[in-house]
Amino acid sequence: MLRNCVLTMLMIICGFAARADNHATDAAAEDSDTSTVEHVVDLEAAEKIFRKSCRACHGNKAQGAASYPKLSDKTPEYIAEKLKIYRSGKKIGPNSILMISHAKKLSDEDIANISVYVATAFD
Amino acid sequence: MSHVTSFSALRMGAALLAGTALLSSPAFAQNGMNTTSLQHEVVLEGLDNPWDMAFLADGTMLFTEKCSGLSVRLPDGTVNALYGVGETEGYASNGSDLFCEGQAGMMGVAFDPDFDSNRRIYVYSTSNMSDPHTNRLMRFTLSEDFTGVADRTDIVDDVPYKMAASNHPFGGPGAHNGGRVRFDANGHLFLTTGDTHNGQVPQSPTMMGSKVLRIDTDGNANAENSPPDGFDARTYTYGHRNVQGIAFHPETGAAITAEHGPWHSDEITILQNGGNAGWDPRPNMAGRGDCPDDYCGYSPNQEDGMNRYERAAFMSMTDFDTYPDAMPPIWNNNGWSQGTSSAAFLEGDAWGDWDGAMVVGIMGIGFGGTPIGQRIDVIQFNDDNTDVEDVTEMTLPMESGRFRSVVMGPDGSLYTSIDEGTIYKLTPGG
Numbered sequence: 044m045l046r047n048c049v050l051t052m053l054m055i056i057c058g059f060a061a062r063a064d065n066h067a068t069d070a071a072a073e074d075s076d077t078s079t080v081e082h083v084v085d086l087e088a089a090e091k092i093f094r095k096s097c098r099a100c101h102g103n104k105a106q107g108a109a110s111y112p113k114l115s116d117k118t119p120e121y122i123a124e125k126l127k128i129y130r131s132g133k134k135i136g137p138n139s140i141l142m143i144s145h146a147k148k149l150s151d152e153d154i155a156n157i158s159v160y161v162a163t164a165f166d
Numbered sequence: 312m313s314h315v316t317s318f319s320a321l322r323m324g325a326a327l328l329a330g331t332a333l334l335s336s337p338a339f340a341q342n343g344m345n346t347t348s349l350q351h352e353v354v355l356e357g358l359d360n361p362w363d364m365a366f367l368a369d370g371t372m373l374f375t376e377k378c379s380g381l382s383v384r385l386p387d388g389t390v391n392a393l394y395g396v397g398e399t400e401g402y403a404s405n406g407s408d409l410f411c412e413g414q415a416g417m418m419g420v421a422f423d424p425d426f427d428s429n430r431r432i433y434v435y436s437t438s439n440m441s442d443p444h445t446n447r448l449m450r451f452t453l454s455e456d457f458t459g460v461a462d463r464t465d466i467v468d469d470v471p472y473k474m475a476a477s478n479h480p481f482g483g484p485g486a487h488n489g490g491r492v493r494f495d496a497n498g499h500l501f502l503t504t505g506d507t508h509n510g511q512v513p514q515s516p517t518m519m520g521s522k523v524l525r526i527d528t529d530g531n532a533n534a535e536n537s538p539p540d541g542f543d544a545r546t547y548t549y550g551h552r553n554v555q556g557i558a559f560h561p562e563t564g565a566a567i568t569a570e571h572g573p574w575h576s577d578e579i580t581i582l583q584n585g586g587n588a589g590w591d592p593r594p595n596m597a598g599r600g601d602c603p604d605d606y607c608g609y610s611p612n613q614e615d616g617m618n619r620y621e622r623a624a625f626m627s628m629t630d631f632d633t634y635p636d637a638m639p640p641i642w643n644n645n646g647w648s649q650g651t652s653s654a655a656f657l658e659g660d661a662w663g664d665w666d667g668a669m670v671v672g673i674m675g676i677g678f679g680g681t682p683i684g685q686r687i688d689v690i691q692f693n694d695d696n697t698d699v700e701d702v703t704e705m706t707l708p709m710e711s712g713r714f715r716s717v718v719m720g721p722d723g724s725l726y727t728s729i730d731e732g733t734i735y736k737l738t739p740g741g
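Residue numbers (this note's numbering), protein chains in the order written: chain A, 44 to 166; chain B, 312 to 741.
This is chain B alone, in the form it adopts within the complex (with noise of 0.2 angstroms):
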């Protein structure tokens, strides 16, 4: 044991570490038992919770932080503020209405599949134009020298967001929002939402919280798409809980989706057109009687640790009692739920037996005795890609964190941002 009597010995000493941090931890390769060798390089560091990234083919990177806004990152390194939230100082222009709060705040970007000919982009935030508020997914023109954003449209302005606070762990207001904005290879937008806390989100047909929407870049409702009847028709599927990780495998173009479990099983499901995930919170149903606020997602017990199979019994994160033709997930983590977030598919031949693979960011949560793991996981398919065939914890070759954010670049690398300020850039070689 080691003793310290006095604050100024212990910021020397905390110093003193930092150094020995720093000294110890540049780039490099490393080879471990199950993993591709890889390298890291910090991309960019003391942000304010990024959230996203997305890329075009020269290494341009748009990135969203949170509770501040859109930036851009250039290839030659230089960043330019965008667009800020609500007053956020520093940013080419701001937009008054959006806030942070809580879970809330800026989320999701993508570039348009022809910004080359159109300069579009596609930004989801929280927005306070609308009384109660709401999620928006917002479209804009970004400049030629990109230095600025203009022609705000938002195309889905509809998404629910929790005003108040509830009963529930993690019960502040702007809970469980989804958040990511992603392109198919077809060129159809996919926007992931969240149930806020609300038992009557995720079933409803109405409602476009718990959902994937699958719309064209005006905001309307992909044609094709086939949810049951009486349903909003730019629902693609249905009863989730709260979707933060959407990709599309490469070869038979599936959406796949990562998400967070309750007090148990995080999952990942191939979607199916019009398909329900069997999600439904609601009480007095499928067994159970009232529940705090209305909202049974964290029941029972939920102030305490409790075995996480009894928790899935009473609260299934996939309902087939109730919803027999409920989408099957293909992993659910062993039970647990520990915040997995994104997915994204690794390419390339430097990936090796990876080459193909999904790869999900999990941020940690560490409740009642649940393992913390923060990771990114591997997740290989079969031959029919219809299923999981394994799961490898990628070695990291830097401090894990909350891993917020997956992105394959067009460098071949795997970009991951981390809620506490740092996007990194994993290399596979060495």
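The following block holds chain A by itself, in its conformation from the complex (with noise of 0.2 angstroms):
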């Protein structure tokens, strides 16, 4: 509980402090940041699907273990791709059946907030 209140406080200051960037720049570059973000991540949501399905193999900090791949250093990008193709059930390597597992259950928004959630939370 406590460390759902701290995560919900760090991510309204986190919230004010983007807005405020974003105010502060100029008008091109507002542009360009809205451009680069094209939906609301639930911080929240991501990461009970991350603790819930992807801990125990890529590891707490999405560092890698085992035969299962470092995502952390990927781009959402990167992750979203890869997941919605094991969404559509495609086998891309030895650990599929396990991904097509997980992602078969996951919604466009999951996908959006696990992808972000796994490419920044751990920097």
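Note that these hints are calculated values from the structure, not bench results.
Only true hints are included.
Simulated crosslink set (DSS-like; lysine-lysine; CA at most 27 angstroms straight-line): (1) 736(B) <-> 104(A); (2) 736(B) <-> 113(A); (3) 127(A) <-> 104(A); (4) 148(A) <-> 113(A); (5) 127(A) <-> 91(A).
Each pair of labels, with its calculated beta carbon distance range: (6) 368(B) <-> 83(A): 57 to 67 angstroms; (7) 127(A) <-> 425(B): 51 to 61 angstroms; (8) 464(B) <-> 94(A): 39 to 49 angstroms; (9) 474(B) <-> 87(A): 40 to 50 angstroms.
Ideal placement from N, C-alpha and C gives every residue a C-beta, glycine not left out.
Join these two chains into a complex; the hints should help.
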């Protein structure tokens, strides 16, 4: 509970900070930022998915473990692309069966959230 | 619900969270309902898939990293990189034939019981010296100053390796190598191996996968091994799936394995000399038809979840119908497969009621509705030491991980490595 509260508070603070940053930038930069952020990211939801479906194999910081690759150095776009492939049922590696079983439960929003979370939360 | 709309804000939040985590997780004593009070200490971190450790009485610790190599940590904390996998940089010397792939790489390690006089150590690793490639048990001499190894002798060079991918879960090359190397109290050397996703290997009399080998330090069979006629004399037990845990009961001396199940039934088994563990994943037998790539190990319905008991009925971890005399498991993890890996026995009064109990490290999987289950279980035996009397999940004083190895240290602490890259010391008392 405490951790969730801390998370919530941090996200609110960060959200304000992000908005403040955006207001301080010039119009061109603001347009550029807007174009690269296409949706609202729900980090709490992403963390739940990560802890339930990703952490046990890829590690608590997505650092990779055993035969499961490191994810924290990938881009959100890369992770989202792979998750969508797995969700379609296509096999693209030796652990595909595991990935397909997890990915097929994910919505587009889930994929967007978890992709950003994994790629950024452990920097 | 909390939202952010900027990647830079995410990074800031993550950094702040990381700081919070660091501040809130110093080593501390824990008073759980089900455990001796434990403290934890990070011995090493940032490692590359630490796989196994071995200790001398003064605390000197050998450790392996699956894709990097063998190192030694001295009692003062100095770490010397001894023998690298392939061309890995930073090691005093390298085995150019050694490599890692999937689950394979550098795995188990042990000190010779007479190390003080012969300086010998033993390491198990995957090698491309042969074609098809194999897993090898190597013997080295460790230098007096603990800075290098020499005199490599491959005392076992014929443990099968999975060369090509197959249509199975975890189906890449390098699957199921076993990998634990341990001496019993009598100085016998044990090596555990795996089935390499090959249906023929477990019951094969000559292929040395899916076996527990009992040998001497030159790799010769123990004269008292009693496998069935026609078996390789190094065979102590056979018919295993993928044994990564072996420990010896402190009172009976019995060799006891902890073993991964397929999509069901992790097992602990008290070994019997010459015994069959009853794993036989061949197609077209035991009521089964064809299976993907001639290996039924994950069948039926290998790509999706299903009732674990239905799975067990179709493809038993220990097939008593086919092998009525198979060694019976004394624990099956309530029918789950959660990645049971290594095993050790706790020693010392400080462990209280757990003194003499077995611990097993469980890595966690979480497929098809199975609880992930990352933990260390404490297995207490009955008075006859012939069966499990009680199982307790150790309440850990740190975050759980993929517990690849559990090893008793000479200081009475339990050391455990997790695939994520950390070796912890767990100490009873507060």
